[in-house]
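Novice: Single-letter residue listing:
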Amino acid sequence: MSKILKFNLNGNPTEVKSGDADTLLEALRDGLGLTSPKCGCNRGDCGSCTVILNGDAVKSCTVLALTIEGKSVWTVDGLIDGDKLHPIQKAFHEYGAPQCGYCTPGMVNAAVAFVNHNPSPTEEEVKDALSGNLCRCGGYKKYVEAVMAAVKGEFGPLPKGCDK
Amino acid sequence: MREYEYNAPDSFEHLFKLTGGAGAEVRFLAGGTDLMPRISAERDQIPYDKKTPMRIIYLGALGLDKVTDGDGVTIGALCTLSSLLGNEIVRSKLPALAEAIAEMAGLSIRNTATIGGNIMNASPAADSVPSLLVLGAEAVLRSPSGDRKVALSEFFAGPGKTAAKPDEVLVAVNVKPGAGGAAFKKIGRRKAETLSVVSAAAYVEVKDGAVAVARIAVGSAAPTVVRCLEAEKALIGKKISDDAIKEASALVSKSISPIDDIRSTAWYRAKVAPTLVARALAAAAERKGPAKSDEPVKSEAAGFLGRVFGKKGA
Numbered sequence: 758m759s760k761i762l763k764f765n766l767n768g769n770p771t772e773v774k775s776g777d778a779d780t781l782l783e784a785l786r787d788g789l790g791l792t793s794p795k796c797g798c799n800r801g802d803c804g805s806c807t808v809i810l811n812g813d814a815v816k817s818c819t820v821l822a823l824t825i826e827g828k829s830v831w832t833v834d835g836l837i838d839g840d841k842l843h844p845i846q847k848a849f850h851e852y853g854a855p856q857c858g859y860c861t862p863g864m865v866n867a868a869v870a871f872v873n874h875n876p877s878p879t880e881e882e883v884k885d886a887l888s889g890n891l892c893r894c895g896g897y898k899k900y901v902e903a904v905m906a907a908v909k910g911e912f913g914p915l916p917k918g919c920d921k
Numbered sequence: 006m007r008e009y010e011y012n013a014p015d016s017f018e019h020l021f022k023l024t025g026g027a028g029a030e031v032r033f034l035a036g037g038t039d040l041m042p043r044i045s046a047e048r049d050q051i052p053y054d055k056k057t058p059m060r061i062i063y064l065g066a067l068g069l070d071k072v073t074d075g076d077g078v079t080i081g082a083l084c085t086l087s088s089l090l091g092n093e094i095v096r097s098k099l100p101a102l103a104e105a106i107a108e109m110a111g112l113s114i115r116n117t118a119t120i121g122g123n124i125m126n127a128s129p130a131a132d133s134v135p136s137l138l139v140l141g142a143e144a145v146l147r148s149p150s151g152d153r154k155v156a157l158s159e160f161f162a163g164p165g166k167t168a169a170k171p172d173e174v175l176v177a178v179n180v181k182p183g184a185g186g187a188a189f190k191k192i193g194r195r196k197a198e199t200l201s202v203v204s205a206a207a208y209v210e211v212k213d214g215a216v217a218v219a220r221i222a223v224g225s226a227a228p229t230v231v232r233c234l235e236a237e238k239a240l241i242g243k244k245i246s247d248d249a250i251k252e253a254s255a256l257v258s259k260s261i262s263p264i265d266d267i268r269s270t271a272w273y274r275a276k277v278a279p280t281l282v283a284r285a286l287a288a289a290a291e292r293k294g295p296a297k298s299d300e301p302v303k304s305e306a307a308g309f310l311g312r313v314f315g316k317k318g319a
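Taken in sequence, the protein lines are chains A and B.
Quick note: the first sequence uses the working numbering, first residue 758, plus one each step.
Quick note: the second sequence uses the working numbering, first residue 6, plus one each step.
Just chain B, same shape as in the assembly (with noise of 0.2 Å):
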């Protein structure tokens, strides 16, 4: 049976020493929802293999639970998806990724799921990628020779695999929102807690008439969460109607390369990621920018909000 070994240092300086050490394996762990699930697989297993000793390291305690607003959104990497949601901060200059997070499994995972967490499990369905993908952020990996910044586009190599380093840990995300407006839509077999069947997101800066900036990520269709490069040019400099973003959506296809797995099929995931790009496109033109911080959030992401928090958060 495998050797586990728990760690909550509260400082950088005890938390490198932790990493530093041979003859473990180290796995950060944030809130726990995808990595206590598998340890306890693990656990289960009969016989039990030889493993190397895992030593988790806890990353509750070292303050990582906090959304700055200065040049752009720093979100710490702890943050619960649930204090996302209400976050003052997120909901106002972030709606798209509000409402990526209010359709992220269900109330009692989102109280203790991070996001943080989301990013590096690098599942090709966490659904906070796309929206932060069209957002343009980056994440910020801290290791003992100092903070590294990897813009997100670059930071997925495969399921599971993150340009992070064994001695780096993510701290934070920060996010730059633009001019334009971004919406996130889902497609999953149920309402809620399920995993995407596709995702998609979109980012839409209209200047004088035309589209200046477009951004598309559509999630579950291909090893990472992916941009969708094609469809993004194909609406430069066009006014946004209709057929400009049908046409856009239908270069989807050359960006993406679904499978068949337990929940839908490639068939399937080919369809519907044109159509789902389309919607989060028609949203996020109509969104234009990021609202106000005195205004309230008047998308269909306060719907899910109200939803969610009731009279609490909405």
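Chain A on its own, in the form it takes in the complex (with noise of 0.2 Å):
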């Protein structure tokens, strides 16, 4: 069976058809062709998947689609204003961060909800944030460096929370 889920995505009001049993991570990738989170495990290992759910990152493929009726989702593709880039996203590529690029998005998503709700970070707390994205290429170095690059302000202010 299926039904119409409403909520919110990038700030913008947003229907989908979603079968009963699917996860977030196919209502975004095929109910709405939004292809920037990846489906790396499908089991809430990799976070190739991590999106930004009512502020908070999660991974997209351990949430069952129809339970987030009204809240809001926010993806890479919303962080970006305009063509100006979100200061995580600059510092990441400045930094060179991605080297094949499948785990960036979530990556991303996963940095700038945890720098709004926490702005001036340690790096442990950096790397304790991001420990929930594995990148097979081993770029982990590279992240981390950029995250705090970032919240130093090296790329900008910050903006507060998701909305711009």
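To be clear, the hints were calculated from the coordinates, so they are not data collected in a lab.
There could be a bad hint or two in this list.
Ranges of calculated distance between the beta carbons of each label pair, as one might list FRET restraints [to be verified]: (1) A:902 / B:26: 23 to 31 Å; (2) A:826 / B:196: 46 to 54 Å; (3) B:196 / A:850: 45 to 53 Å; (4) B:26 / A:759: 32 to 40 Å; (5) B:248 / A:881: 31 to 39 Å; (6) B:255 / A:853: 36 to 44 Å; (7) A:769 / B:154: 22 to 30 Å.
Residues of chain B placed beyond 10 Å of chain A at every Cβ, according to the derived structure [unchecked claim]: (8) 36; (9) 37; (10) 48; (11) 55; (12) 97; (13) 111; (14) 152; (15) 159; (16) 176; (17) 180; (18) 196.
Just so we're clear, the structure is a prediction, and the values are computed from it rather than from any experiment.
C-beta: ideal position from N, C-alpha, C; glycine also.
Can you join these two chains into the complex? Each is in its own frame, and there are hints to help.
Specialist: Okay, here's the thing in structure tokens:
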């Protein structure tokens, strides 16, 4: 069976037809054609499907789509303002953090949700916040360096929350 | 292919109408971090087996996500692990639980995973369970015939098996922290996003210089998280010392039956469990009772919380 799911995606009221057992990841990718959240393991391990749900980073493959009725979801697509990247995105780009890039959208969302809550973290805290995101290229160091640079304001002030 | 039917009842009256209906396998959904991957794996299977339809009942609309402090601490089953880590009552009164939660999975899983889900999934590696066991927690189960309380020590029957009947919903966990101190220790294969190789929690209450109450629980070393009664008995009446702790924790092997699996070996688990119990006992003895709520948490839990929440939570 399927139902109509209404929620807010990147600041826009959105409707999508969703199966009764579909994950949020399926609703975004298959239902809405939004392919920035990646399907890596589909079992809550790899973090490449991480999106921001009501302000917190969650793994969208572990969330049943219909449970987010009325909630707000942000993905990397909404964090970009016109052609201006979010400071975290800019930092990842400038620091050459992505290698193959598959884990990057999840890393961006995990990092943005985290710095929204904690705008001046320590390196240890950043590592903990990104611990649920696996990078098979092994590029963890650059991601952490890039987040630390972004929170120090190297790429402009961090916007408050996801809403621009 | 199996049919799935999603429901999000906002009252127990509605919920019990759904659990009463025949012809479907009823599954309760909380955070989904265990259940959703299982459903996705099932849907990926080719060829699809003909199975009874699954009725998914989401528990998120029932208001079970609160922590209250009265005669003991009552934790709503739908509290996410992150919300508990940030909760003042949990941090001040149940530091051993906060310690365990801080080491569970990673931030993005803790943001969705719930304490009720961790309990009802009944994994021997459930990290919230050893702390809850030594704190003498009880599960509150609700069914059409009313509420039933089951001591968590009587709750687990095997991997994935609990004392809850099919029409019973876990609504809360009651914890009455005693006058003693409790602590949790875990060994995983990495620092985050890992299931326990072995976990241990201990509760120690000292009266007139001697141990009056001791409770020890070990996870990932038997079909369920287990209490170690022999080791507990060995501590009673003793003064807390390195020797007393060593002697008692050696008896842990009498209560566990570890196996080889992808995470570790029976040999390693048998070796490391007593060590972990000894560390938990030493930390528990040092902690001496729940901190008063106006005192900041001065344990290693404070370090974890600082790491997880930064200035916001710590």
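Novice: Honestly, do residue 769 of chain A and residue 154 of chain B meet the 22 to 30 Å range at C-beta?
Specialist: violated (47 Å)
Novice: Would the least Cβ to Cβ distance between residue 176 of chain B and chain A come out above 10 Å?
Specialist: The claim stands: residue 176 of chain B keeps its Cβ more than 10 Å from every Cβ of chain A (closest is about 18 Å).
Novice: Confirm or reject the claim that residue 255 of chain B and residue 853 of chain A have a C-beta distance inside 36 to 44 Å.
Specialist: violated (53 Å)
Novice: Using the C-beta atoms of residue 26 of chain B and residue 759 of chain A, is the stated range 32 to 40 Å upheld?
Specialist: violated (20 Å)
Novice: Please verify that the nearest CB of chain A lies beyond 10 Å from residue 111 of chain B's CB.
Specialist: Non-interface label on residue 111 of chain B violated, nearest chain A Cβ at 3 Å vs cutoff 10 Å.
Novice: Against chain A, does residue 97 of chain B keep a CB gap of more than 10 Å to every residue?
Specialist: holds (21 Å)
Novice: Between residue 826 of chain A and residue 196 of chain B, does the beta-carbon spacing fit 46 to 54 Å?
Specialist: Once the Cβ atoms are compared, 35 Å apart, the range 46 to 54 Å for residue 196 of chain B and residue 826 of chain A is violated.
Novice: Verify that the Cβ of residue 196 of chain B lies farther than 10 Å from every Cβ atom of chain A, and report whether the claim holds or is violated.
Specialist: violated (7 Å)
Novice: Over 10 Å to the closest beta carbon of chain A is the bar; see if residue 180 of chain B clears it.
Specialist: holds (25 Å)
Novice: Starting from the hint 23 to 31 Å, judge whether the C-beta atoms of residue 902 of chain A and residue 26 of chain B obey it.
Specialist: Violated - the Cβ-Cβ distance for residue 902 of chain A and residue 26 of chain B, about 55 Å, lies outside 23 to 31 Å.
Novice: According to the definition I'm using, a residue is off the interface if its beta carbon is farther than 10 Å from all beta carbons of the partner; does residue 36 of chain B meet that for chain A?
Specialist: violated (7 Å)
Novice: According to the definition I'm using, a residue is off the interface if its beta carbon is farther than 10 Å from all beta carbons of the partner; does residue 159 of chain B meet that for chain A?
Specialist: holds (30 Å)
In summary, the structure is inconsistent with hints 1, 2, 3, 4, 6, 7, 8, 9, 10, 13, 18 from the numbered list given earlier, while agreeing with the others.
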